[in-house]
Amino acid sequence: MGEQMKRIFGIDLGTTYSSIAYVDEYGKAVVVPNAENQRVTPSVVFFDGKSIVVGDVAKESAKLYPCEVVSFVKRSMGDPNFAFEYNSKAYRAEEISSYIIRKLVQDAEYKLGEKISDIVITCPAYFGINEREATRKAGEIAGFNVRQIINEPTAAAIAYGTTEFSESRVVLVYDLGGGTFDITMIDIQPDSIEVICAGGDHNLGGKDWDDRIVTNLVEEFKNKTGIEEDILEDPDTCQDLQLSAEKSKKIMSQREKTPISITHGGERVKVELKREKFEEITRDLIERTIALTHEILKEAAKKGYKRFDEIILVGGSTRMPQVVDRIKEEFSIEPKMFDPDEAVAKGAAIYGWKLSLNDGLIKRIAKRTSKSLDQIYDDLESTPEDIVKEVVQQMADDTGYTLPYLERSMVKIKDVASKSFGVVVRNQHNEELVFNLILRNTALPVDAKKHFYTAIPDQKTVLIRIMENESSAETVQAENSIEIGTAILNLPTGLPVDLPIEISFKMNPEGRLQINAVETSELRTVAVAIETKSFIQGEEFEEAKTRSQSLVIH
Amino acid sequence: MERENFYQVLELSVNPPESDQKKIEEAIKKKQAEWSRYRNHPTKAVLAKHYIDLIPEIRRVMLDPSLRPNEARQAKIQFQNKVKQKYLQIDRHLEIRMSKGFITDEEVFKLAKLHSVSEKKIRDRINAKLKEKYSRIDKQIEIRMSKGFIAEEEIAKLAKLHTMSEDEIRKRITCPIKKNYKVDSTQFHQLDKSIEKVIHANLKIVGKSSLYDFLGLSNSSSLEAIQKRTKEKETELLKIIKKDAVVTASGILVGQCIAVFKTQESRNAYNISIARSHLDELNSDIEVAGMDGKIRTEYFEALVKAAVKFGMDRDEACQYIKEYCREKKWNIETEKTKKHFRLPTTAIFATVIITVVITATIVWAVKSQHEKKEYQRLLVEVDNQNVLEEKISIIKKFSDSYSEGSYALKAEKMIIEIQNIIEERDYKSLLHRADILCTANNYTEATAVCKQYLEKYPNGIYKAKISSKMEDISVRSDDRDYEKLNTAIDFDSGEKIAVYMEYLNNHPKGKYRDKVNQFIADMQEEYYIFLKEKIFFYGKQEKWKICAQLCDNFIKIYDSSQHAEEIKSLQASFQKKLYEQKILANLMLKAEHKGNHYEAAKQIYLDYLKAYPNTSLKKKLNSELAKIQNLEDLDRKAKEKERLRALLKSAGGIFVEKKDGTITDTRTGLVWCMLDSNLELKRLIDYEFALQYVKSLRTGGYNDWRLPTVGELEKIYKRKPFFPSVESKEPVWYWTSENYACYSDGWSKVVDVVSSQKETSWNKDQKDCRQLGAVRAVRP
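Here the protein sequences line up with chains D and Y, keeping their order.
The opening residue of the first sequence carries number 1 in my numbering; numbering runs sequentially from there.
The opening residue of the second sequence carries number 1 in my numbering; numbering runs sequentially from there.
Don't read these hints as lab results, they were simulated from the structure.
Don't take every hint at face value.
Said to hold, decoys possible - In silico lysine-lysine, BS3-like type, Cα no more than 27 Å apart, as pairs:
hint : chain 1 : residue 1 : chain 2 : residue 2
1    : D       : K257      : Y       : K193
2    : Y       : K695      : D       : K224
3    : Y       : K204      : D       : K277
4    : D       : K545      : Y       : K29
5    : Y       : K649      : Y       : K715
6    : Y       : K243      : D       : K506
7    : Y       : K682      : Y       : K695
8    : Y       : K31       : D       : K533
Note that this is a predicted model, so its numbers are computed, not measured.
Build the full structure now, drawing on both the sequences and the hints.
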């Protein structure tokens, strides 16, 4: 092998488990085990004095130090009101997540003996702008160059589409993870992977199944001991029960029943949980995934996708037999279990590898055509085909990858907008409405424009309230939207009344939103700075970053 | 969910209201950390999210000195009592007026005038009252549903209570209705406790009382309506971007709705669980009341009131609470027991002193003290109990637990005493009852109740007395019954014998037995003739059972008479016939089960005939076989007709079925028989039979059927459009009316025939009249 390419690592930052992967010199995506030699690391953080412990040790510590251990932070990503307090210092979800990322990268660096700087992180397709931005911030706080945030189901589809290679087909990715549920329809073609539409619930995952077991165990304990108090008030018992619940859930994926012991306040109770009971008390949860799946099918049908070829199961929770059974019953199709724990990380790694190849390609094209890198970035499409071919051949020679392999890496990946985005406007009755410029499930990238008008002569500023919602309609009630940020347009002086101002929402393939405004009298572009409190930024961000660097993570 | 007061949420002091900005800020931070920690709690996560989402609002209000005082005021108000009810008096008046079940317009008018309010206001109150009434009925229904079903008797009771029709009550019931009260309730599927919890917790967050309330539907909505609404709710939720606690909880509830309202069965389970939750509230009240191991009189009354509020009636409430306490082994104090209680207390005191003295037996004493306590508790409980049988069962429980103890004997003695009281009570009530019955001349019932008593107390104290009472009854009834016999003179012989025999049975020691026996002996010939007549009558109807019974009656009375042998042999023959009748009925039933599998049905009879070739049922079986054959033929013909009718439709209106079974050729006006002889008879026939066949044919009510001519047949089979063809493997050929004498091996007759094969070129054919063919009959 000749030239060494810069490796970009893929990180699956999961609610309950996380993992890291890269593409090796043979072009194969591999997961790097952590220092404890586990391929997945529990997304649990233990604040142990001055050091931070992440993973299995932290998870086990939860039993002893329930107040110093934090888990499931992903569910609070982008929530400005969440604060985990330790030593009278409040930590946001982004910062806690950064520790998980650092742990993964650090262990991988040690194992591989190389420095890692660039990463791709995955997030649920269902994440809105702020949650995505928060995820990116988590990577940045950890000190890495976050090349891209990509959707988990898309990552899974990439891993699936590049390994199980065959003719084109439409797949439904049913991704039931520890904390989130994503359902995505993806059209896999030999030269492209295109997301048709995505949906889900980021408050529905394996943890909910665990919680049902916990609730059941609490009842059993009450029945057997007659103790009426809420034993979950005791943090130790609560943690203990959660761990037992997760374990027994996993056992029940293999066996029909499992014994569980509950210890609280000196009382010890033995309980036998049967799979039948387990499925009974969680039936509503599985039904919700089915209902959401039907929603997506409806949405897809509107886009002309009336059928799909297969269902692939991703996420550890799809190992529960009830998932497979219920899907079979509902859709009369045998779902395909595809590398449920690692597909997402591997897909992210392949995506990173693609980015890296692309970097090399652009460098070479720039050199060959003597244009600047930016010029090529902006307009790769217009590069003559023969030059691209030549450069690819050159790369194949330099890197040692085969030509078809490189060509296959050129596969186009297209995602959709996870939500609808719009601005607050007033209608003729002076009621506040949200006018959607980008509708959810629109293919990315997208550039939507809309004219708004100045209300008074010589208007100085325009306040743009950027809204996110789930509606597929052009206008939607303001109360059904959330404000993800505001932007102030500082207008030039002397504009007349009723002057059209063109606001454009540009969403890049990654799902990041950029807003531009142009006043139409002299076609001046107006600066738009988005402000939001939903994710860590500014001083707080810098502080967190510095703090993160000084902390030791185990 | 109504917004909580922030002072309460933050647990800040209200009196005086906390106003230190710093302290408030600290409280918020503390709570924020607490809620963030609970963000992933297995049961409190959604609630925690709710509070986390509230933080900006809490900050806005609590950190603003201008908004805060109002919040403090609100907090105070919430502590104070609720606002007084405005229309309390009107309501009371209405209640009185409405107690008769309705209220008239005039009353409304008067009440409106009295309280100087508009009539509408009064009517609004009435509607509210009615609503209240219905919700009360629903509550009462619910509480009864908690056992998994509602019994018919409960419906009747509720209907009576509310002066409503049973149907109206039934409409409000959403669980199975059972005829009988005593059904094992465990067979009903119940919602898992943990699911109940999840539903309950999330309903609390969305501020709804039940899944029905959550969907905005009534409990009595149809399952389809509920499922439809669930879907709508789900879609509504998907549109909401702000995933706050209420939306999250709603999402969970929608999931539960999908699962709970999937089938009627799971819905019932949920309904039952709603009902059960009301009981849980009551149970928790009882638990609180019984904290110190007993229930005070005042508490008991309060509990009964609470239970009545939950929808029980007073009796049920008392019973329920008593039962609950009995299980918990709690004593319910009554005014009476309170007095009694003092005595045992002194006794305990005495025991304590004694135990101190006898130091060597401390261990025993402790035990004995405990036992004594229990014994005293037993005494109170027994005293409390009004039902004697219950008293015994309570004592028995005690003596089971302390069978070795020093009070076992006392307990045994007590049981015997109570048993004696019970026996005496029963004896007295028996005498009373027997006297009433005798006065009413109902000696039979009087004797029966006496017998019942003797069965219950075979070695009872009053055995002798009862026996003499029975004799007395018997003497009194003897005279009366003998007199009755005189009225039997006009009866027929059978009835006469019956009343004589009844007398003998009822009065084994009767004064008139000899006389009655003489009557019977005198009737022997008369009864013999009567019997023969009856046997003849029923024999004709093949009612062998009655015949056998009649014989039996005769033999029982006149076993040694000259006719006895004859009647006995008759009886044997009837029994044999009865047996055969049963076999036949059995076979017929089997055959019937085969439906239109005629072959299988026939086989049943054939098999029997093969197994018992000499059976006397042969004739009947053959007739049954013929019946089936007939049915089969009819069926076959009907099918064939159906098929032909279908074909006729495509014949372009040339062949029309004008009368059942006939087809008119509209070109020639000739009427053809729809089925040919082959289909009718299922066999081919010679010419001679063919002539007879058409002569006797009555299809369509016509009697002028004849054999067709060659030309006539040719027109329908050898020229288009063809007559609907017969379904058979090979075409049959039909006899015509054209026949000739012919010589081949001797003189014989030949007939022109036409085959049913559809062809346009054909050769005329002739057959010997002894050959076998078919007839397609035609009439003028």
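Against the 27 Å threshold, does the CA-CA distance of K243/Y and K506/D hold or violate the hint? The hint holds at about 25 Å.
Going straight from one Cα to the other, do K545/D and K29/Y come out at no more than 27 Å? Distance of about 23 Å is within 27 Å: holds.
For the pair supplied as a hint, K682/Y and K695/Y, confirm whether the alpha-carbon distance does not exceed 27 Å. holds (18 Å)
Quickly compare the C-alpha distance for K695/Y and K224/D to 27 Å and report which way the hint goes. Judged against 27 Å, a Cα distance of about 93 Å means the pair is violated.
Could you grab the alpha-carbon distance between K257/D and K193/Y and see if it respects the 27 Å cut-off? holds (19 Å)
For a C-alpha distance cap of 27 Å, please report whether K204/Y and K277/D respect it. OK: K204/Y and K277/D at ~25 Å, within 27 Å.
Are K31/Y and K533/D close enough, with their CA atoms no more than 27 Å apart? holds (20 Å)
Restraint check for K649/Y with K715/Y, where alpha carbons must lie at most 27 Å apart: holds (19 Å)
Hint 2 from the earlier list is the only one contradicted by this structure; the remaining hints agree with it.
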